[in-house]
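Peer 1: Sequence:
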Amino acid sequence: HTVYEAEIVATILGVELLRRAITNTRRASIALDNMAAIQAASLRTSGAGRYLTDLFHAAVRTLKEQHPGLKLTLRWVPGHSNIPGNEAADAAAKEAARGRSSPSRQLPKVLRKTLPQSA
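As numbered in the UniProt record's numbering, residues 1 to 119 make up the sequence shown, in order.
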(Lines of atoms letter the chains of each structure in order from A and count residues from 1; the text may use other names and numbers.)
(Lines give C-alpha, C1' and ligand atoms only; values in the text may rest on other atoms or scores of the structure.)
Protein backbone atom coordinates (compact mmCIF):
# COMPACT_ATOMS: atom_id res chain seq x y z
CA HIS A 1 0.00 0.00 0.00
CA THR A 2 1.04 3.59 -0.52
CA VAL A 3 1.69 6.26 2.08
CA TYR A 4 -1.22 8.18 0.52
CA GLU A 5 -3.57 5.25 1.22
CA ALA A 6 -2.21 4.98 4.74
CA GLU A 7 -2.93 8.69 5.26
CA ILE A 8 -6.55 8.19 4.21
CA VAL A 9 -6.84 5.17 6.52
CA ALA A 10 -5.34 7.24 9.34
CA THR A 11 -7.97 9.90 8.67
CA ILE A 12 -10.70 7.24 8.92
CA LEU A 13 -9.17 6.14 12.22
CA GLY A 14 -9.11 9.76 13.38
CA VAL A 15 -12.82 10.10 12.64
CA GLU A 16 -13.48 6.87 14.55
CA LEU A 17 -11.47 8.10 17.54
CA LEU A 18 -13.46 11.34 17.53
CA ARG A 19 -16.72 9.40 17.38
CA ARG A 20 -15.74 7.38 20.43
CA ALA A 21 -14.15 10.18 22.47
CA ILE A 22 -16.11 13.39 22.09
CA THR A 23 -19.21 14.40 23.98
CA ASN A 24 -20.45 17.99 23.59
CA THR A 25 -17.84 19.19 21.14
CA ARG A 26 -19.01 21.51 18.37
CA ARG A 27 -15.78 21.67 16.34
CA ALA A 28 -13.02 19.22 15.67
CA SER A 29 -10.16 19.10 13.22
CA ILE A 30 -7.88 16.42 11.87
CA ALA A 31 -4.48 17.63 10.72
CA LEU A 32 -2.72 15.95 7.79
CA ASP A 33 0.54 16.69 6.06
CA ASN A 34 -0.66 15.10 2.82
CA MET A 35 -2.55 17.59 0.64
CA ALA A 36 -3.54 14.88 -1.85
CA ALA A 37 -5.32 12.98 0.93
CA ILE A 38 -7.16 16.13 2.02
CA GLN A 39 -8.22 16.89 -1.55
CA ALA A 40 -9.36 13.31 -2.16
CA ALA A 41 -11.36 13.28 1.08
CA SER A 42 -13.00 16.55 0.06
CA LEU A 43 -14.42 15.05 -3.15
CA ARG A 44 -18.02 13.93 -2.83
CA THR A 45 -18.08 11.53 -5.77
CA SER A 46 -17.62 7.81 -5.37
CA GLY A 47 -16.51 5.25 -7.87
CA ALA A 48 -13.86 2.76 -8.83
CA GLY A 49 -10.62 3.21 -6.94
CA ARG A 50 -12.21 5.49 -4.36
CA TYR A 51 -13.00 2.83 -1.77
CA LEU A 52 -10.97 4.58 0.94
CA THR A 53 -12.57 7.97 0.46
CA ASP A 54 -15.96 6.23 0.37
CA LEU A 55 -15.09 4.65 3.74
CA PHE A 56 -13.99 8.07 5.03
CA HIS A 57 -17.30 9.66 4.04
CA ALA A 58 -19.24 6.80 5.64
CA ALA A 59 -17.27 7.29 8.87
CA VAL A 60 -18.00 11.04 8.81
CA ARG A 61 -21.73 10.37 8.27
CA THR A 62 -21.75 8.05 11.29
CA LEU A 63 -19.86 10.64 13.36
CA LYS A 64 -22.33 13.38 12.43
CA GLU A 65 -25.34 11.14 13.10
CA GLN A 66 -24.06 10.55 16.63
CA HIS A 67 -22.89 14.14 17.12
CA PRO A 68 -25.30 16.43 15.23
CA GLY A 69 -24.00 19.94 14.76
CA LEU A 70 -20.34 18.91 14.86
CA LYS A 71 -18.18 20.76 12.35
CA LEU A 72 -15.26 18.61 11.23
CA THR A 73 -12.34 20.22 9.43
CA LEU A 74 -9.45 18.56 7.65
CA ARG A 75 -6.49 20.89 7.69
CA TRP A 76 -3.05 20.77 6.21
CA VAL A 77 0.08 21.05 8.34
CA PRO A 78 3.60 21.08 6.95
CA GLY A 79 5.31 17.72 7.25
CA HIS A 80 8.66 17.24 8.96
CA SER A 81 8.34 20.58 10.77
CA ASN A 82 8.51 19.37 14.37
CA ILE A 83 4.79 19.84 14.90
CA PRO A 84 3.87 17.84 18.02
CA GLY A 85 2.24 14.57 17.05
CA ASN A 86 2.81 14.96 13.31
CA GLU A 87 6.09 13.06 13.23
CA ALA A 88 4.56 10.18 15.22
CA ALA A 89 1.53 10.15 12.91
CA ASP A 90 3.81 10.10 9.87
CA ALA A 91 5.77 7.15 11.25
CA ALA A 92 2.52 5.29 11.99
CA ALA A 93 1.28 5.92 8.43
CA LYS A 94 4.50 4.49 7.02
CA GLU A 95 4.18 1.42 9.23
CA ALA A 96 0.60 0.93 8.07
CA ALA A 97 1.72 1.27 4.44
CA ARG A 98 4.16 -1.58 5.09
CA GLY A 99 1.31 -3.74 6.36
CA ARG A 100 2.01 -3.32 10.05
CA SER A 101 -1.20 -2.43 11.79
CA SER A 102 -3.10 -2.51 15.05
CA PRO A 103 -4.75 -5.78 16.11
CA SER A 104 -7.91 -6.10 14.02
CA ARG A 105 -10.22 -6.10 17.06
CA GLN A 106 -9.05 -2.53 17.80
CA LEU A 107 -9.88 -1.30 14.29
CA PRO A 108 -13.23 -0.04 13.02
CA LYS A 109 -15.14 -2.90 11.38
CA VAL A 110 -14.65 -1.46 7.88
CA LEU A 111 -10.87 -1.68 8.29
CA ARG A 112 -10.68 -5.20 9.73
CA LYS A 113 -10.54 -6.93 6.37
CA THR A 114 -7.62 -6.72 3.98
CA LEU A 115 -7.80 -3.62 1.82
CA PRO A 116 -7.45 -4.00 -1.96
CA GLN A 117 -3.92 -3.43 -3.27
CA SER A 118 -3.11 -0.36 -5.34
CA ALA A 119 -2.57 -0.85 -9.02
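Just so you know, these hints were derived from the structure itself, not from any lab. Please note: incorrect hints may appear among the correct ones.
[Said to hold, decoys possible] Only pairs whose alpha carbons sit at most 27 Å apart, straight line, appear in this in silico DSS-like list of lysine-lysine: (1) K94 with K113; (2) K64 with K113; (3) K109 with K71; (4) K64 with K109; (5) K109 with K94.
Peer 1: If a hint holds in the structure, say so; if it doesn't, say that too.
Peer 2: Going through the hints against the structure:
no.	hint	result
1	K94 with K113	19 Å, holds
2	K64 with K113	24 Å, holds
3	K109 with K71	24 Å, holds
4	K64 with K109	18 Å, holds
5	K109 with K94	21 Å, holds
Of the hints listed earlier, there is not a single one the structure fails to meet.
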